[in-house]
Every structure is written in structure tokens, then in C-alpha cells.
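Enquirer: The residues making up each chain are set out below.
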Amino acid sequence: MSQNDKDVIARRGFLKGTAAIAGATAVGTMLPSTAALAQQGKLKIGLMLPYTGTFAQLGVAITNGFKLAIDERGGKLAGREIEFVTVDDESNPAKAPENVNKLVQRDKVDVVIGTVHSGVVMGMAKVLKESGTLWINPNGGAGAMTGAMCAPNFFRTSFSNWQTTHALGKVLKAKGHKTAVFITWKYAAGEEMMEGFKEGFEKEGGKLVKELYTPFPQVEFQALLTEIASIKPDAVVAFFAGGGAAKFLKDYQAAGLKGKIPLYGSGFLTDGVLEAVGDAGEGVETTLHYADGLDTKKDKAFRLAYAKTFKLQPDVYAVQGYDAGQLLAAGLDAVKGNVADKAGVIKGMEAAKIDSPRGVWTLSKAHNPVQDMYLRKVVGKENKTMGVAWKALADPARGCKA
Amino acid sequence: MDLAFILIQLLNGLQYGLLLFLVASGLTLVFGIMGIINLAHGSFYMVGAYLAWSLASLTGNLATAILLAIPLTVILGMGLERLLFRQLYTRDHLYQVLLTYGLILVFEELRSIIWGDDVHGVAVPALLSASIPLTENLSYPVYRLAISGVCLLLALALYLLIQKTRLGMMIRAGASNRDMVQSLGIDIKLIYTLVFALGVALAAFAGMINAPLSSVTPGMGSHVLIICFVVVVIGGIGSVKGAMAASLMIGLAETFGQVLVPEVAGMIVYVLMAIILVWRPEGLFGRK
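Read top to bottom, the protein sequences are chains X and C.
Under the working numbering, the first residue of the first sequence is numbered 1, with each subsequent residue one higher.
Under the working numbering, the first residue of the second sequence is numbered 1, with each subsequent residue one higher.
Calculated directly from the structure, the hints in this document are not laboratory data.
Here the structure is a predicted model, which means the values were calculated and not measured.
A portion of the hints provided could be inaccurate.
[Stated by the list, open to error] Derived coverage of chain C by chain X (criterion: at least 3 residues anywhere in the stretch with Cβ under 8 Å from a Cβ of chain X; other residues may be distant):
(1) 22 to 31
(2) 147 to 158
[To be verified] Here are some of the chain X residues that sit facing chain C, going by a computed Cβ distance under 7 Å:
(3) 215
(4) 222
(5) 224
(6) 247
(7) 273
(8) 301
(9) 305
(10) 307
Quick reminder that beta carbons are idealized off the backbone N, C-alpha and C, glycines included.
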């Protein structure tokens, strides 16, 4: 349990009743700031990530990866010691402004790292655009963060939703598929991935014959699978994640569609769920910026160090957290640890070439990774790499004027 | 969409509706007869699914797992009623909401401690793992049909229990006048304990037999909870018949909504609820 949780609970106990919960933000921001005392020398990093709920594991993987990057630099960045402040965002968009304000106003952190859920990312964006605090987002792929909402202090080390499906157009074309159906949850991330795919596929002369949606986070797919069977497309492209992805893969197989209409997807469809789905995932091909069996020196070293330190196998989220640490290090090295020189830090990060376990990447103008998208195929319990589907894919950053 | 596919979608809708009935029946029982607003209903569903998963991986057989798990959930229900819910019958609904909301958090945390935060899958029993080919590229999983059969049987059993047996008569009497029933020498406390345990067991059982269809995941109870309340409210509070009618209506509305008007599929159920409540505020089969 983090310090902030304890604070909230203590206050709840003291004030009792539901009114206290509503008032918690106000009380929190009025407390005398302890930040001033801790300012000497230490760099304050605010981690705003999910540590409870469906995405709890992702939050932990990102935190681990981030800390590994710092440990590799002797526990310091540009010679400065680090102090972490942690907030559990619970993947709750409604609480996003309150939570990020805890870090920015109460704790006066130098950098904010977060988060997983795209809705929470958008809540953070509003607050951080105003405060101008340095922000590195290690996951949430909401297009607007590095699109219409983009800002000089916003950085992302993961992906935009658009990137994760755009390369599939080429892949389907190469396999000779001319028509496709896209199926996903009806929410921002799903729609952005659909757009990314549609654009890529139509550029190759393919036709997206139908977009199928089910409400988030519902997992009853039977009606839509029946619809797919009646449309008979050459291929199906899907985005679901976590439990929903596991359920979809199993239902697709149970409906008899597996093996008749090939299934493709954004990499999240088959990440972290292969243990749960038995052989229902076998042969499904996806695109993502990371894969199993990349077999590069950097990736091997990272996997070994991660497994040794945390007794866990790293995943794509751990890589994104690790790269957030690497990116921050590059920015701070450029100003020799003087984080007050914000423009200098930003310049340093913009110029950085990140030697990531996923391969080397740089930042686009809108501060989103320009990176290789791998084609992966489910073989047993692994997302085996089948090569690069798109070399150095950049998000179009539509609406970004910064 | 040709006729064959319309018929298959009809089947999808009915089958989904029956599943909803199974999940919601325990809630309507506890809500209607005992007057308890049980927000933790979804948690019992989750507990059932996790029990099925862990026991099935221990014994290697889902049927055995379910047979082992049902007594456990009955005991859980009886224990909770004795320790917690019994204190609340005379209190305002707000206390029940607070208690059962607290229970959601407790069960989520316990689940995290005992079973972890991973997504799990339960294999469909080999006997029922086949699929029946319907068209050239679509098959229907036998397990889904089997569940529909179980749901129908359970609905019939519930109806007979409440309408035709002596115990059912006492339960109904207790629902309308607790004090009178007690003064007639019937152990109303025991009856309430039994009804609550039955409600918990029904929710958990739904989680168990649904585990092979819907993956076993953290937070799986919360979505179920909302749709259960919609079923109970549309059907009329406490009416098993109403719950059945409402479940089938929702199942069909969601199925055809997703296919015909995918853009607004998420709203359809709630629009349906709003229309029915304007027309009949007490629900389809509710008492005025």
C-alpha cells in the first residue's frame, strides 16, 4: 500500500461518511507541503499507475522496468538520487485529475510517469498541459496525447493505438486477403485501432467490409461471431485485451471460425493471455512493437536482468517502463541533472536514440516513438517474431500543432 | 442477413438470455424476498468462477469441481447471513448498500491474495466440447446448449420450490409479513438463512458453469452485477417469472442490437429499461 492510500484511508476514518471522499481532494491540497523539505538534491519522480484492478499487473511491470533502468545507472540519474512518490490511479478516469494533482501540487514532483488506461491518460493530459510538468507516458495509447493535445512536455515510450494495427494492412495484402471485418470494443482505443487498420488496409487496395462493436467491457461475442460467419470476409482483425481477449479467442474457436477465416489483431489480443486460452490462440498473427524471440543482445540482457531482479518474465509493458527510465536518463544527462532547465531536458529527450529491448527507436516531432512493428505469430505459449512488418512506423500525429 | 442467420441470432439471444436469468435469479430471490440490496452478488459470481477454476485444476474435472464448490458456497452464504446480514433486516437500505459494497472490496482483495490477478481459462468438459455445424463456416458449441438446458431446469425448479412446496409457502409468507410468520411458530430466521444461502449458491453456480465460456478474471463480477440489477428491475422485484421474461428480452435486445445498430448497442438495454419503467414502474411482473 502506498503512502497516498494510507493518507486517504486515515482521512476517511477520521471524517467518516461519504462526504469525506468527495472532500478528500480539497483536504489533500491544503495540507502543508512536505515537498520543500525533500527538495535538496533528490529528484522527485511521481509514478501514477494502476496498482489495483484489472490493470494492476501492467502497473507493476512498468514500475519494475522503470526501476531496472535506474538501477542499471547505480540507482541515480545524472548523479542525482531519486525519490519516488506513488499514486494508484485504479484505472479510473473520473479520479485522474485528482490523482495527478496530488503529484503535481501536493508533492511537487519533477517528472510524472503514467499510465496504462487511455481514459486516465486523457485526464492527466489536461492537468499536465496546464502545469507544464514533464510527463512520460509508458503505455496508454490514446492518439490525442501526441495528436490534438500534444505539448512540449508530453512524451510517450509505448505506442499510439493507431500504430498497433496500421501495419496489418500490408500483412493482409501480402497474404492475398481482399476483404476484412474489424471487431473491437466500442471505446476510444478500439476505434483508434480500427482507424489505423482501415487506413493501412485501404491504402493497399483492401476493403473493410464491416466494423463490429460490442460495448466495453462486455465479453458476449456470440451475436457478432454469427454476423462474421454470415459476411464471410477473407480475414478478421480484432482488438481486445486481457480477459476479453482470452474470451474472444476461445469463442472464435468454439464458433468454428478458427481455421476457416484467419484471425489477425493488434498485439494485445495475444499478449498475457496465452496461458488461459489453451490452443485457441495458435496461429493467430498480430503486429506490435515487441515480440518473443527477438534474439538481440540488448533484449537478451534485459530479459535476464529483469528475470533475475524480479523473479518474473518481462513483457511489453516492462519494456515500455524500462524505456521510460532510459528516456528520462537521456534528458537529465543532457542538462547534467539540472532538472530546473526544463527546455534542456526536453531537448535532450528529443535527441535521444533509445537502445530498447524492442530495437532502437527515436521520437517523432509529437514525442511518440518511431519504431519497428513486428509481425508475430502465436506458437505454443509465445508470440514468436516473424520479422518486421513495418520499418520505423511513425504515428501521423493528426492535429498536433506544437 | 438471410433467414438461417436470423434464426441463429434468435438462438444466440435466447441462449444469452437464459444465462442472464441464471445469474440474476439469486439476486431477485434475495432482493425480493428478504428485501436486501446485495451489491456483493457479482462477487459471489466471481467466487464461484474462481472456485471452479482452482478446483478443476486440482481435480482435473469441472463436474467434480462444481460438486465440491457448491457446498462451500452454501456454507459461505450461511456464514455471511449469520454474521452480517442478520443485523441489517430492520435497518434502512443504505446500511445494506454500505455493507455489501464493503464486501465487494473485501472479496476482490481476498481473491487477489488467494488466487492472484491473472486471467485464467477453464476447459470445457470433454463430453460437451463438440460443436454442431450450422452453416458452412459456423458451428454452435454444445456446451452453450447444455448450459441453456441447465438454466431452464433451474428456472423450473425455482418456480416449483417457491410456488408449490411447503417451504416455498413459508418463504412467501415470510416475505409479506415476517412477524406474523414468526408468531405462528415458524423459524423465520432459519428460512432467511436458507434463502440467502440459496441466493449465494445460485450466483456462484452461475459463475462456475459459465467459467468455461467467460474467462475467469479479476473484476468479472462488476459487469454482471449491473446487468443483474437491470434484469431484476425490468422483471419486477422478487418475481422469478419476471426475471425470466426480462432476461430473455435483454438477451434478444442485445443480440439484435449489436448486429442491426452497432453504433448504439451499449445503450439499448438501458433504453429498454427506461421505457418499461415509464410504462410499468413496478416492472413486468412486480407487485404494485
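Enquirer: If a hint holds in the structure, say so; if it doesn't, say that too.
Expert: Each hint, compared with the structure:
| no. | hint | result |
| --- | --- | --- |
| 1 | 22 to 31 | violated (count 0) |
| 2 | 147 to 158 | violated (count 0) |
| 3 | 215 | holds (3 Å) |
| 4 | 222 | holds (4 Å) |
| 5 | 224 | holds (6 Å) |
| 6 | 247 | holds (5 Å) |
| 7 | 273 | holds (6 Å) |
| 8 | 301 | violated (27 Å) |
| 9 | 305 | violated (23 Å) |
| 10 | 307 | violated (18 Å) |
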